[in-house]
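Enquirer: Put chain B on the given structure of chain A with help from the hints.
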Amino acid sequence: MTAKTSPGRFLRRRSFHFAGTRNWLLAVGVFVLVGAQASAFTAYVSNEKSNTISVVDTDKFTVVKTIKVGQRPRGIELTKDGKFILVAVGDDDTIQVIDVRTHEIVATLPSGPDPELFTQDHAGKILYVANENDNTVTIIDLERRVPLGEVQVGVEPEGMGLSPDGKILVATSETSNMAHFIDTEMHRIVANVLVDARPRFAEFKRDASEVWVSAEIGGTVSIIDPVKHEVKKKITFDIPGLRKEAIQAVGISITRDGKTGFVALGPANRIAVINATTHEVQKYLLVGQRVWHMAFTPDEKYLLTTNGVSNDVSVIDIANLRVIKTIQVGELPWGIAISQQ
Amino acid sequence: MFEFSDSDWSASLIRLLLAGTFLFAWMSASTDAVEINIGYLRGTGPKPTLSLIQTPANNDGIAGARLAIDDNNTTGRFLNQQFSLEDFPLGGSADPVAVAIALAERGISLVITDLPADALLKAADAEAPRKLLLFNVGAIDDRLREGDCRANVIHVAPTRSMLADALAQYLVWKQWRRWLLVVGSHAEDKLYGDALRRSAKRFGARIVQEKVFEDTGGARRTDSGVVQIQRQLPVFTQGVPAYDVLVAADESEVFASYLPYRTWDPRPVAGSAGLVPTSWDGSHDQWGAVQLQDRFMKQFSRRMSARDLQAWTAVRMIGESSSRTRSSDPKVILDFLKGPDFALAAFKGQRLTLRDWNLQLRQPILLSDGRMIVSVSPQEGFLHQVSELDTLGIDRPESQCRLK
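Line by line, the protein sequences give chains A and B. With this note's numbering applied, the first sequence corresponds to residues 1 to 341, in that order. With this note's numbering applied, the second sequence corresponds to residues 1001 to 1404, in that order.
Bound-form chain A, shown alone:
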């Protein structure tokens, strides 16, 4: 089937239920069809420059398909039911919804201007979007595709991390240098924590004991106590032979057991492996150039990183903490999401 990407046309004809169960039979059918590769997951990589998503088979570690999307795709996630890819296309001021089976763009979301990063609630019903150009966080009902409200935050919001109980959203603002703690029920800021310059990403530990916030220009990760709203520790990075300015912390991934953290260091071309209990850096893994973001395979055997300048994805073997493979993708890869099946 040839993909004809006219979201409007599809919107009129079909209705999608992201969290509904209507399509589960169909989903099972598809799963059986691709059952031969049941151990393989699928990674979706947004390529900021080529306006595409590279679809990567994590069994063979090869690109199996390239999807054309809107302009400047960056933040990318799968819906919780695994049926749709959500990708923020900043220069088109929207988030596109892509069917994982047909690879067609089936809808767009009212994300507000210039969306970059976003996160979903755990039920997959609500989307929180950072709108850099007007200092707001937009809250969207995913099923009805309508905005539910917005929260005024600091200058240039970017990173979005949701607490495990879904009650607190942490939004980082790049020019205010703050992590804003937002009550997701009241749509209200409850605390603001100053972190280092240009905070870009926020990630909670699964047990909600800590939220990690990276600062790109500051080159640090602040470990924040989400109850006291205090920075309890700051992770710094010192790589021999590398100038301080090149160490720019961006993406963060923490293992489910909360024991190991991974921090992408941008133009330092490295991933820092961190003992998430002691917050000591254990190791630096050399990946591609200007590493942005990361995603684990669901079994946490592998961590895939997007390397913006070298146009590739590095595959890290988690058990051995080694880079085992590099996959060429589109131009300036930025975000990555991996399917749960």
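There may be inaccurate statements among the hints.
Unchecked claim - Capping the alpha-carbon separation at 20 Å, the derived lysine to aspartate or glutamate pairs in DMTMM-like fashion look like this: (1) Lys125(A) to Asp141(A); (2) Lys244(A) to Asp1390(B); (3) Lys1298(B) to Asp93(A); (4) Lys244(A) to Asp1341(B); (5) Lys233(A) to Asp1341(B).
Unchecked claim - Where chain B lies over chain A, by a calculated footprint (3+ residues, C-beta under 8 Å): (6) 154-166; (7) 176-190; (8) 196-202.
FYI, nobody ran anything at the bench for these hints, they're computed from the structure. Where is the CB? At the ideal position from N, CA and C, for every residue including glycine.
Expert: Just chain B now, kept in the frame of chain A:
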């Protein structure tokens, strides 16, 4: 981690604030916000330019400061700080000393200055009732950071030597090592010529010949137009040794913009025209700069200039240090800016910090062709033991500045 002296009480206070937590709860509306009033001291009218589209706007510079005030206030809402800006345009014969005293009497001690070097020094040295901390966003003279450096003047504008080094690194990287240097006849042209000569020597370029373009007076716009220029410039650049690039030093806007496409030999032009080193350009869109450009355009309906960016940066430096230190005391702010914890994000791809020996802001320099950013210096491979940004301009070991 901290380098402050133990005996210094205010430094201890900063340490306390920094080492502790950075938590500031949402303040209730009833609490009065802390007012931080910033002065903006600027000279009279912009200089004429050869190109009509490069004529600075009347609010050149101060528009950037106003945008940064808004940005600071967006952050300030969460910290109970309220920033405001007061404009002090300096009339033709007005005395900078008197204005500095007037500012101090109004309780303002943080002042953005867009003044020529001598007026800036007068304002800095004024015996005001309270000590002023000046942020120089206009004067690029190296001497203000060298022999004439002052402990109460922070330099946000880059120096001539930083601009010249940024250009030279790129030209050398491009293997355009043979330069024809053309220098104007005004004092600041000669200073730029000196800076370019120094850069050529430093980075291994060779000046094959040097010519002076004498300013004989005359209007920059005439009804007869470019007919004569088209004939004069080729002749002026004829009969010189083989060269790769013509480098022009013309801060006075007398001739440089006439050079591109008019040289005897088909050669690129750089310096005051062609490929120009600058702290900012309306076309710069890397490292999230589009967001700042969009905000500026929305508010002022024009593109953001280098002076706008420099003023924006100065006000952001104040915002950043007062949000970290929770103070508007110029001494606390200066100590923070000089210290190891200051790092400003300013859409240049890396942190901006302060050279503590002469209070010059370290910054990457853009190379613009007037429509696009061609490159950003420092160039890859120009290494430095402290910061690669210190490959631009006069470095610590060569500095004559001794701050008191």
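Enquirer: State for each hint whether it applies.
Expert: Against the structure, the hints:
With a CA separation close to 6 Å, the supplied pair Lys125(A) and Asp141(A) stays within the 20 Å bound. Note on Lys244(A) and Asp1390(B): the hinted pairing holds, with a Cα-Cα distance of about 13 Å set against a maximum of 20 Å. A C-alpha spacing of about 17 Å is found between Lys1298(B) and Asp93(A), which places the hinted pair at or below 20 Å, so the restraint holds. For the hint linking Lys244(A) to Asp1341(B), the alpha-carbon distance of about 13 Å falls within 20 Å, and the restraint holds.
For the given pair, Lys233(A) sits about 15 Å from Asp1341(B) by alpha-carbon distance, which is consistent with the 20 Å threshold. Given a C-beta distance limit of less than 8 Å, the hint that chain B covers the region 154-166 of chain A holds, as 3 residues qualify and 3 suffice. Interface restraint, the region 176-190 of chain A with chain B: holds (6 residues with C-beta to C-beta distance below 8 Å; minimum three). Coverage of the region 196-202 of chain A by chain B holds. Counting CB-CB distances below 8 Å, 3 residues qualify, and the rule asks for three or more.
Violated hints for the displayed structure: none, as all numbered hints are satisfied.
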